[in-house]
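Visitor: Here is how the chains run, residue by residue.
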Amino acid sequence: MGSDVSGATSTEATTAPSGALLEVTDLVKHFPIKSGLLFDREVDQVRAVDGISFSVDKGETLGLVGESGSGKSTACRAVLQLLKPTSGSVKFEGQEIAGLGRRELRPLRREMQMIFQDPYASLNPRKRVGQIVGDQLKIQKVASGGELRKRVEGLLDRVGLSPEHYNRFPHEFSGGQRQRIGIARALALEPKLVICDEPVSALDVSIQAQIVNLLDDLQDELRLTYVFVAHDIGVVRHISDRIAVMNQGKIVETGPADQVCEHPRDAYTKKLLAAVPIADPRESAARRAERTAAG
Amino acid sequence: MLRFLVRRVLGAIAVLFAISVLVFLIFNVVPATNPAQRIAGKNATPQLIKNVEKEWGFDKSLPEQYWTQMKLIFTGEVKSYNAHINVDERIVEGIPATASLCIGAAIIWLAFGFLFGYLSAVRSGGWLDRGLTVLALIGISMPVFWLASILLYYFTYKIELFPPSGYEPLSDPGKWFSHLILPWISLAVLFAGFYSRVLRSSMLDVMNEDYVRTARAKGLSQRRVMVKHVLRNSLIPVITLFGLDFGVLIGGGAIVTESLFNIEGVGLFTAEALKQQDFPSIMAVTLFGAFFIVLFNILVDIGYAYLDPRIRLGASAA
Amino acid sequence: MSATPETAPVSPGTGGGPLLEVDGLRVGFATEDGRVQAVDGVDFQLEPGEVLAIVGESGSGKSVTAQTLIGLTRSPNSHIEGSVKLNGEELTTLSEAQLQKVRGRQIAMIFQDPMTSMNPVYTVGRQIIEAIRAHDSKVGKRDAHRQAIELLEAVGIPDADRRVDAYPHEFSGGMRQRAMIAMGLALEPSILIADEPTTALDVTIQAQILDLIQDLNRSRGLATILITHDLGVVAEVADRVLVMYGGKVVERGTLTDIFYDPQHPYTWGLLGSLTRLDQPRPHRLPQISGAPPSLLNLPSGCAFRPRCPHEFGKCKEVPGLEARLPEDPNHRDRCWLTAEQKRRLREVEGRIGLEEPRG
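Protein chains in written order, with our numbering: chain A, 1 to 295; chain B, 1 to 318; chain C, 1 to 359.
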């Protein structure tokens, strides 16, 4: 799939080749902690994202893995300028987007979309599926009327729903189907970059695989570029070309997916991998024996 | 805590200032009868009215008038336009009656609100719950003036169980009690009904919480689960309401009850002031009432922190 | 857990009979949309000192089964049939007051979300003390407080004598789950029911909690029912496994049976859809198509039929939970395919999985 060249195993920013769609350099997002008797002064800060650099090539999937509090979700939002970064640079197709105003960002929003974790909370319960998926097309004046409907039905079909679902409400769908609606909405404007923030962690096991496969198919078909954020390193490894491991606001290791999982270099990555249960009783028993022998 | 108090007290002063300015402006901008004319009497000569204007300061600029008015209120020298009585003194005189009425009624409505709400929640869906629901709805929908009139008619005129009306000071507890029992009931019924509904729904929400399931799984008795875990965690909405309701009433809001039972408290004084459009009195009772509402709001917030250790007073998120 | 799952678990040897015996358990709820049969005929036995995993997705009935064991699903809207026997004593017919003596003392239960499973307004210590004193009011407050500290130490909470007086929100997620376990252990029960105990936790914390559960299982002979959707977790700690789907047990066997010789296509699908770090990644994850069934409207016959690529005519009849392998009477499943067919059909791209449906 994508190239494994850029940023390989190095946590430093590598000047990405011309193929880089997204290039993030020294991105920092701190949240101030304020206190004071009468007027709030900044007394401390939460270093949610503390200087991360990575780049993503066209058509590639970068997996961003980390535990709760590692800053991975904040990083996504800061990249998309949904949160204003404290400092650092975010280049999309070579153009600096950090610090751009709302109006300047507007055309770029078409190119960068996001899929959220909770398919229950991220869909407006009062809107019909057709509206949810088609709203962006309308707002950006891409299509309207019969053309709009045709495109939305096409999208629903593409993500494995049926065009008859057009007039239904989100609550009539199962969790997996709702995530499909979320994907259709994200794809409506034919974005180049899709950031998936824990897209499968709220879903049942058997549904997770469906969504992962769907994302895979869509990438091949539409030549999408993904940043796939999740805490489940197994899922991240399956879908990603390269993986960046985040811990306490920093990227501790980057590299090709198999290499990071099979030959981790960083101590934290090793600890993370060792904690993942192995769905093979003999292997997990052997690993435990090793662990008790060592400790 | 210090940070919380400093901020809230400053906030309270700001709110009271804003209210006083607002009331002052309403009275001076909205055209009404000329106060000087009212003070001077019906057949006053223009000269007399002029004199009154000068004497009371109506010829001065609005900020100056506001300042004088505030000074008078806070030094306790403010006089009403009509009877020339000292407004602050009248309010202070009314406090024992109003406090007796409101505290007594609050005890009754809290007791019944909690009892009925608790029983409804514990037996939710059962006959007791349905019966109490009907009772509560009747209580909520009965107008206070109607209930008070019925009580007065039946208990004082028909069977003469209770003395007619008025307020007797606490120095004679028996008399005090017998004069207040009907006002207490008529004031408490509405709140009791309402509070029982609020507590019931709050408890039903809490009953679905995971920690209630944990409490049951530990082997606690049903009653312990309901009291220590469900009831205890359902108090916040009730406390919120109580702070507001009690603040309003004690600040002179029990207008209807005090009027009907002829209790010479702050509420009755407010009613008279409103009827006569007596500006100094209205200004003073408004500030008095607002003070209590603001005070009880602060107390409610302190109550929150006491009830739920996760709520930290003065945390910057708040 | 024992190093080889096949060996019998270390049991205190109370002499004959299983610790817990569940027979024909059915739990239905009356809802506005009709009757929901959440659990539809579950049988199993729990031996002293073993870890039994109940695996399933949402709506499979696994949590309802667990909660019904100690009567937590009793309500005017629920209808419970069948039998739950603890040391031969029937629990389903006990009064609420009698059940309270069983809960916590003989069977303890911990839940998925340690964030919401402790009452936020009481200190952790107070909630443990409450559990102790609910069962033995003679224990003084000071003794109970000391016991609470010891329990917190036993589950690996550092600084227990100070932390005992902290509120749940002052604990991290993992520490809270440890505290929940400490509370469960307070009365030295013989059974611990753990309902998705690690689902809400980070993976490094999950490993610690699983180690703790296993350690307690071994050192105290604490029989454990582990409810989970995660086969990885099962592989780490369980001795035996029940796989549930649509309110029924569709397969039951030892850990080895379920992972190396699975008989039910749903089990294949679950195993196949795992992303395994110990294996090369497949080009495509073998997925189970469709969605878990609505309990309001279960398909007739085998509940898995609409999602099963191997469905055939016979599947319109409900298959019983039977031993279908002559050599292994304790490995049971609900699938009409022959053992020979199963062996052949479950291989997808060199590993166990469910074929993609045709078309």
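Derived from the structure by calculation, the hints contain no laboratory data. Keep in mind that a hint or two might mislead.
What follows is a list of derived Cβ distance ranges for each label pair [to be verified]:
{"#": "1", "chain 1": "B", "residue 1": "V9", "chain 2": "C", "residue 2": "M115", "range": "31 to 41 Å"}
{"#": "2", "chain 1": "A", "residue 1": "Q45", "chain 2": "B", "residue 2": "V15", "range": "12 to 22 Å"}
{"#": "3", "chain 1": "B", "residue 1": "A18", "chain 2": "A", "residue 2": "R168", "range": "44 to 54 Å"}
{"#": "4", "chain 1": "B", "residue 1": "L295", "chain 2": "A", "residue 2": "Q45", "range": "44 to 54 Å"}
{"#": "5", "chain 1": "A", "residue 1": "K270", "chain 2": "C", "residue 2": "E317", "range": "46 to 56 Å"}
{"#": "6", "chain 1": "A", "residue 1": "D26", "chain 2": "C", "residue 2": "P306", "range": "48 to 58 Å"}
{"#": "7", "chain 1": "B", "residue 1": "N208", "chain 2": "A", "residue 2": "P125", "range": "17 to 27 Å"}
{"#": "8", "chain 1": "A", "residue 1": "E164", "chain 2": "C", "residue 2": "P306", "range": "12 to 22 Å"}
{"#": "9", "chain 1": "B", "residue 1": "S149", "chain 2": "C", "residue 2": "D136", "range": "55 to 65 Å"}
{"#": "10", "chain 1": "C", "residue 1": "V139", "chain 2": "B", "residue 2": "I95", "range": "47 to 57 Å"}
In silico BS3-like cross-links for lysine-lysine, where the CA-CA straight-line distance does not exceed 30 Å [what the hints assert, rightly or not]:
{"#": "11", "chain 1": "B", "residue 1": "K228", "chain 2": "C", "residue 2": "K138"}
{"#": "12", "chain 1": "B", "residue 1": "K42", "chain 2": "B", "residue 2": "K60"}
{"#": "13", "chain 1": "C", "residue 1": "K141", "chain 2": "B", "residue 2": "K228"}
All residues carry an ideal CB built from backbone N, CA and C; glycine is no exception.
Visitor: For every hint, state whether the structure bears it out.
Guide: Here is how each hint holds up against the structure:
1. B:V9 / C:M115: 31 to 41 Å: 35 Å, holds
2. A:Q45 / B:V15: 12 to 22 Å: At 33 Å between Cβs, range violated.
3. B:A18 / A:R168: 44 to 54 Å: Holds: the Cβ-Cβ distance is about 49 Å, inside 44 to 54 Å.
4. B:L295 / A:Q45: 44 to 54 Å: Taking Cβ atoms as reference, L295 (chain B) and Q45 (chain A) lie about 36 Å apart, which means the hint is violated.
5. A:K270 / C:E317: 46 to 56 Å: For E317 (chain C) against K270 (chain A), whose Cβ atoms are near 52 Å apart, the range 46 to 56 Å holds.
6. A:D26 / C:P306: 48 to 58 Å: 52 Å, holds
7. B:N208 / A:P125: 17 to 27 Å: Between N208 (chain B) and P125 (chain A), where Cβ atoms are some 20 Å apart, the hint holds.
8. A:E164 / C:P306: 12 to 22 Å: Holds, since E164 (chain A) and P306 (chain C) (Cβ atoms, about 18 Å apart) stay within the stated range.
9. B:S149 / C:D136: 55 to 65 Å: At roughly 58 Å between Cβ atoms, D136 (chain C) and S149 (chain B) fall inside 55 to 65 Å, so the hint holds.
10. C:V139 / B:I95: 47 to 57 Å: 51 Å, holds
11. B:K228 / C:K138: With Cα atoms ~20 Å apart, K228 (chain B) and K138 (chain C) stay inside 30 Å; holds.
12. B:K42 / B:K60: 23 Å, holds
13. C:K141 / B:K228: 17 Å, holds
Hints 2 and 4 from the earlier list are contradicted by this structure; the remaining hints agree with it.
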